[in-house]
Amino acid sequence: MKTFFQNPRVQRSGRTALILLLIIVMTGPEGSGTQPTAGFTGSFGNHMSFFGLFYPQRWVVFLLLTLIVVGLTSLVKMAHRWWIERQRAGNNAVARVAKTLAATKQRARHRSTRLSLYAVALAFALYFPHLVTDQSWQTLVVQDVLVYLLLALGLNVVTGFAGLLDLGYVAFYAIGAYTTAWVTGSLPTPPPFGVHWNTFVAIPVAIVFAMLCGVLLGIPTLRLRGDYLAIVTLGFGEIVYLFINNSYGITGGSTGTNQIPFLSFHLGPIKYLWGLIPEPYYYLTLAFVVIFLLAFSSLEHSRVGRSWVAIREDEVAAESLGIHPLKYKVMAFAIGAASAGFAGVVTASQTLFVTPPTFTISFSINILVLVIFGGMGSIFGVVLGGLVVQGFVAYLTHSPPSIYNAADLYMYLGALLVVMMIYRPAGLFPSRRRRREVSQVEAGTAPDTLQVEIGAHRVQEDV
Amino acid sequence: MSSLIFDVQDVTLRFGGVVSLNNVTLHQGRGEILAIIGPNGAGKTSLFNSLTGVYAPQEGSIRFTNSQGKSMSVIGKKPFRVSAAGVARTFQASRMFSAMTTFENIKIGAESHRGLGVVGAMLKGPATRRDEHRSDKRTRELLEFVGLTAQANTIAASLSYGARRRLEIARGLATQPEVLLLDEPAAGTNPAEKIELAELIRRVRDEMGVSILLIEHDMKLVMSLAERLYVLNFGSVIAEGTPDEIRSNPVVIEAYLGSADTGVAEETK
Amino acid sequence: MKFRLNKTVAAVSSSALLLMAVPAIGFATASSAASKPTFTIGYEGPLSGGNAQLGINMKWGVELAIQDANATGKLPFKLQAAWFDDQGSSTLSPAAAQAAVANKSLVAVVGPAFSGATRSAEPFYVAANIATVSPSATAAALTTGKVKNNFMRVVYGDDVQGAADARFLVVNRHNKKIEVIGDGSFYGAGLAAVVAADAKTYGAKVTTESYPESSSCPPGTAPTSQYTALATQIKTSNPGAVFYGGYYCDFGLLLGALHSAGYKGAIMSGDGSESTSLISGTSPKTAANGVFLSAAGGGSGGNFTGALESQFLKISGGVTSATALYAPQAYDATNAIVRALLKVSTKVPVSKIRASLIPALHTVRFSGVTGTIAFQSDGNLAGTGAGQIDYYQVKNGKIVQFGHN
Amino acid sequence: MLDVSSAVVRYGAIEALHGISFEVRQGEVVTLLGANGAGKSTTLRMLSGLHAPTSGTITFEGQDVTKVKAHMFSSMGISHVPEGRRIFPQMTVQENLEMGAFGRKDNYDDDMEKMFVLFPILKERRKQLGGNLSGGEQQMLAISRAMMSHPRLLLLDEPSMGLAPMIIDQIFHIIGEIRDAGTTVLVVEQNAAQALRLADRGYVMENGAIAFSDDAAKLLHDPRVRAVYLGESVD
Amino acid sequence: MSYFSSHFATLGHEFWGLLVGGIANGFIYAMVAIGYTMVYGVLRLINFAHSEVFMTGAFASFFLLKFLVGNSTPNAFESVVYLIAAVVIGGVVGALVALLLERVAYRPLRRRNAPKLAYLISAIGASYFLYNFVGKEFGRINLSIDAPYTNNTVFTIFGATVQTYYIVIFFVGVTMLVALDRLVATSKLGRGIRAVAQDAETASLMGVNIDRTIALTFMLGGFLGGVAGFLYSIPVGAVYGMGFTPALKAFSAAVLGGIGNLRGAVLGGLILGVVESLSVAFVSGAYIDVVAFGVLVLVLLVRPTGILGERLGRSA
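Residue numbers (the numbering used here), protein chains in the order written: chain A, 1 to 463; chain B, 1 to 269; chain C, 1 to 405; chain D, 1 to 235; chain E, 1 to 316.
Among these hints, one or two may not hold up.
Taking lysine-lysine and the DSSO-like style, the derived pairs with C-alpha atoms no more than 30 Å apart in a straight line are [stated by the list, open to error]:
1. C:Lys-395 x E:Lys-66
2. A:Lys-271 x C:Lys-104
3. C:Lys-104 x C:Lys-146
4. E:Lys-188 x D:Lys-105
5. C:Lys-176 x C:Lys-395
6. A:Lys-327 x B:Lys-194
7. D:Lys-67 x E:Lys-188
8. E:Lys-188 x D:Lys-123
9. A:Lys-77 x B:Lys-77
10. D:Lys-127 x E:Lys-66
11. B:Lys-124 x A:Lys-327
12. D:Lys-69 x D:Lys-105
13. E:Lys-66 x C:Lys-264
14. C:Lys-146 x A:Lys-271
15. D:Lys-67 x D:Lys-105
16. C:Lys-148 x A:Lys-271
17. E:Lys-66 x C:Lys-398
18. A:Lys-271 x C:Lys-398
A partial selection of chain A residues facing chain E, derived with a Cβ cut-off under 10 Å [stated by the list, open to error]:
19. Gln-35
20. Val-69
21. Val-76
Taking CB as the label site, the calculated pair distances span [to be verified]:
22. E:Leu-298 x D:Gln-63: 52 to 60 Å
23. A:Gly-14 x E:Ser-187: 56 to 64 Å
24. A:Gly-249 x C:His-404: 57 to 65 Å
25. A:Gly-14 x B:Ile-195: 54 to 62 Å
26. A:Gln-259 x B:Leu-123: 35 to 43 Å
27. A:Gly-42 x C:Val-319: 13 to 21 Å
Keep in mind that the hints were calculated from the coordinates and are not lab data. Heads up, the beta-carbon is just placed ideally off N, CA and C, and yes, glycines get one too.
Go ahead and model the full structure; you've got the sequences and the hints to work with.
Now the structure itself:
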């Protein structure tokens, strides 16, 4: 009997069955306080449309899906085998197609091809508002995609480039948003010089302020490594949250403020008000996304970027070459904070409202998921990951509530993180360098620099 | 100038109750190839770490004097400051940035002493470009010098042991040091590579005027390369002298071959 | 090969998600082809999350009212509803409001349900000239000092409720020392402030404490332990009564902590806590026994009766209107909008209808299920001061009426 | 007793052992010599399952142990005294010894007493923490800890490292006693002369391969050995 | 000035009450902190998902007590039986969830020798998955726990009343902590755990099965965490997000006492519980969490090895 369970095929099928059950329950109906088992029973017993064809019980749908997927994959596999055999046999047509494919792949690496790809993407982004007729979608794209993208780009500098896991990243976002509220005179604290400034003024102020906080936080904490840094930043994020939540006299406390004005532009005869129509917000934010994107990508391929990589890979060696690790780490913090600060301005000036619950730890995790999903350290990966994950999230969140519960978001994101770490720890589109690093650590040929170290360097006597 | 480049006086380094270096005094002349030998656990790497600011010995003084005659105390300085002053090093188990290419590894060394230049880096201004060109040029020169030009775009982790050692030397040299500390450069290399390595180290001194301080177990290499040696045992200097003096020093033989081993030493003499 | 089956799982799960999304597309593009123009009445409130039940109650009320209105067949237009879920959260409500504003056939909104959510959504409704009639947002500050307010409500504001609660605790129940705790939310802190001020005028010794609501109701994290320490402090300072301005989620936590600490005095909270979920969320359930609650019942605090109730039961799936808190209020709020719509010209673009609805609503006066519905210029239910506040008490795990002011 | 044939060990992309073969016979002391980085420790780690070979086979007492996991070795009769002693620093001497007998289900009090006879100093230090012992005491503890599992083959990695000459003599003396009591010993040593005088046979490793091997007595006088240690040229 | 003096005046009155409450909370923190400290000891890893072990323990006992107690009022004997049953089920479920975590979120990474960062991210993911999953299945509002006992004042000390609840926490806490301490100090399993904590590789040379030992370590920590979850939930009920804050505080406690050090975790837990409780009198109660996180940040920055220092795998 024991040998039956030890059979790898049985084990694999068992594992798959368990995961399938989990998925059925995960996507099933909600339980409730009064009927805690309703979620489980409903997950199997309820009915569900199968592509509109018929309406069986949910588990039947999943079973059918599994069969279809297994069937399709084996078909694809057969085709693939056939393809390879034909290619090997030298079949002309097939070989030609294969060659073209390989060449395209090669060309994608080429600079000009990449640039034209980016141009197409940008053109699409510029045209996007005309594709969606429902204006609320533009709002959502700004608030649920572009803002997240800005944040992910910033966190990518901290976590991807410099290798520092920052779980309190949301704090800088909060600082940006609250600075906007402060500068425009919407907080109990009087605005600077008693003037209710134009919201545009908030952009530089918020960025500078966030960077300053990044430096102030970074200098003491960045001596810590790995898990400890993560926990301290998490603590910092919570403290910022609790502060803004409780300081009624300063931040308005847990009720926040709803007095922030729309963005507006008064320069002599030119006047423009960013009002209810979300399109201008979309373009403004898009412009900043592109600016940050360009700036960060040249940063990555600069001396600064290389120094980060050096510190990330081997801090001791980097220091022995004359690189000041703390300085570079603090800088990564400050740069990451800048983009979060700006994202805060966008959010505050578009929702006209800031309130503490936006700035909980979950938000940091959400951003982290984007960075990790796409591929830490790879700007392309982060943008693509951000668009895919956040686009899907935005779509589901704002679909009618009967279909998807927004509260389940973190269940899916959490599962995604675990699955990613097991199968694709470097992300879906990692930078080549990051992928190498991960595989080298795993092979034991490179030190794991994120190894937890408490306090100062552990003594390593020469052997 | 016959000045000393390193002047180490009575250095004692302790970890908790363990004495790792005990009253070590040594000095290195400018342009000298100096070696430190000793059995495992004798404190050689601790000495290197003290010389480069990784450890701060509790007692004694370590002074480094550059070619302009500017002298500084190393103890209490951070490694990056020591590096900026003109001290470069390699590590026992070579510590390249293993996910980077050979070229990138060296380039990091070549540009590490410049300022931050974040804004410039983001904007890619002309000054930044000029800088990049300069670093690239220097990197190419060094690749040529250590003979790694062909492997410029190879990932460091897939280099052979010998090539890694040369890469580490080039990376150290890229920081434009006055003294290069080599921690067991020959470990894991094959005899042919050892010969090339010795040649390279000599060229570093002769052509670049960089002093060499060397830890090495391969006695053949040490004896042929070093002009003077210090022998460390249990954290103390037990002998000092030229290779020939060291080879015939009974204290050294005892440290290496064991107390009851005088017989062997005599027999083979 | 090794991970083949698990890849299968990944594929299945993603296709399952897609399957879930398919009906969404269908929903979004649904349109009716009636000859009469179709107008949308929006509802903004919590349809998911911890406060979903309250929101769903109101949704039923709105559904019932629209069904009724369409069924008369006398309307020159057809009505439909659109649901905007804000989870009762002030963070999510701007997006919900923006989505409502963007709906091209939407003329007015029932809701938002919660005061905090109302506050953060209002700038958008104001900018778009949309009238909002809330069945339940009672925060005093939403109406204070406003003229021709686009926001109106069919319940009495917290100033009325707070005054009644203070009178109840001090005058009726003879408590001389009262600790008033606000949850820091727009609604809870406001109510607590009114109670504290009024209790002082009745001569009680009042201490106040502000405790930010933990986010255990809406999704997020729950810093729940804080009540243990607060409860210990209350137990030692031993006031005759504790008043809590906030929602049932946190109030339940406070009750559990007070029970564990051994506090024996009177405890009271307002309409935000008046929910059966309070009892199921208080540990142990017995800790909720004896607690007083208050709620603004409107005019007579009526429920649906007769045919209306049986229709309602169909919509709600068997939940009676007496249990479905705020469903009658939502019904009345929707009807107020329908009546106003009948007063204005609907042959003009929707943006004009929106704007004309606000003054029209201020002239509406009718006898609804919960009492007479008419609005003052500031948006409050007409006749403030005469409003009836119902008192309840938890007895043996049930909320029972205790009396009224 | 132990037979290694063309074993290859890799660390990621790097091959640390390039197919080494050697054997250890019942009752003898065999020593592995070589410079730092030659692959001696890696060989021992391979023999106790800490680093599985990517190819080649290891046979112990006729049983294929190539793929056996590290924690199984002690109960199979192979004990490994790792490089640098690796005493459990926060456990007392007695607890360390008990750890040595971790895999045993029978009573091992007698064995502990035997160890105390072999190393009387350990008895004195019985209640002290392992981390507070001197280097020599730690080495003794490490050896007796390994002996607690009744090994038939004892692997010793640099037992003399960092120890004073007097202590080294003592340690080697005890290794001799252990051999005399019937345990086969494979010892990796920097201290070539001392090791060779104790051993029956020796293998000299260079760059992850076995360069040459011979009877210990002959190796002791082999100029190639001397070249490795004192850099004398071999002519 | 006047702010503090007025608070001092009330403190005398409230001190003992707050102290009792603080110690009770402290025991809960200590039990959770043990889980962090043990896993840290063997893996050098902060088990971020430990908060969910805590939460599931509470849910397990919620369902058990719902079944056992229901609407009845248990007598003294029943109280004890129910209590023990709830403790056991909370602990067992906690241990199982911890084991599951180890198998799903950690072991695949350990097999691959993945970078530490991957572990941490995987743990965060597991934590978010678990608590939202529970939220989805059991609703996102507090579920009332049917208390297995009637909460009365048992005795009074310096004017502070000590309730049944506190007595329960005290007894369960002390029993658990002492039992664990003895287990780790004297049993063979404990020796294996300590050996793995001090030097995993050498431990495996001694015949310790590292995989099994790590799994058991997770389970032991999980057991205590689950029991703590039950105790904690008695006055607050069970709710999906209940783990986050207390677990973060427990982690602070572990760091405060010296992570990796079992007794340090207990000491840290008690100190944190008391400090936090007393801070209600000094600082506004609203800032109580800031106190805890402030302690965490300060300890890590000033003395990262904690009060008792990092004595990994040390039994005593």
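Hints and how they fare:
no.	hint	result
1	C:Lys-395 x E:Lys-66	holds, 20 Å
2	A:Lys-271 x C:Lys-104	holds, 27 Å
3	C:Lys-104 x C:Lys-146	holds, 27 Å
4	E:Lys-188 x D:Lys-105	holds, 11 Å
5	C:Lys-176 x C:Lys-395	holds, 24 Å
6	A:Lys-327 x B:Lys-194	violated, 38 Å
7	D:Lys-67 x E:Lys-188	holds, 27 Å
8	E:Lys-188 x D:Lys-123	holds, 21 Å
9	A:Lys-77 x B:Lys-77	violated, 61 Å
10	D:Lys-127 x E:Lys-66	violated, 51 Å
11	B:Lys-124 x A:Lys-327	holds, 21 Å
12	D:Lys-69 x D:Lys-105	holds, 20 Å
13	E:Lys-66 x C:Lys-264	holds, 25 Å
14	C:Lys-146 x A:Lys-271	holds, 29 Å
15	D:Lys-67 x D:Lys-105	holds, 24 Å
16	C:Lys-148 x A:Lys-271	holds, 29 Å
17	E:Lys-66 x C:Lys-398	holds, 18 Å
18	A:Lys-271 x C:Lys-398	violated, 60 Å
19	Gln-35	holds, 8 Å
20	Val-69	violated, 22 Å
21	Val-76	violated, 26 Å
22	E:Leu-298 x D:Gln-63: 52 to 60 Å	holds, 57 Å
23	A:Gly-14 x E:Ser-187: 56 to 64 Å	violated, 33 Å
24	A:Gly-249 x C:His-404: 57 to 65 Å	violated, 37 Å
25	A:Gly-14 x B:Ile-195: 54 to 62 Å	holds, 60 Å
26	A:Gln-259 x B:Leu-123: 35 to 43 Å	holds, 37 Å
27	A:Gly-42 x C:Val-319: 13 to 21 Å	holds, 18 Å
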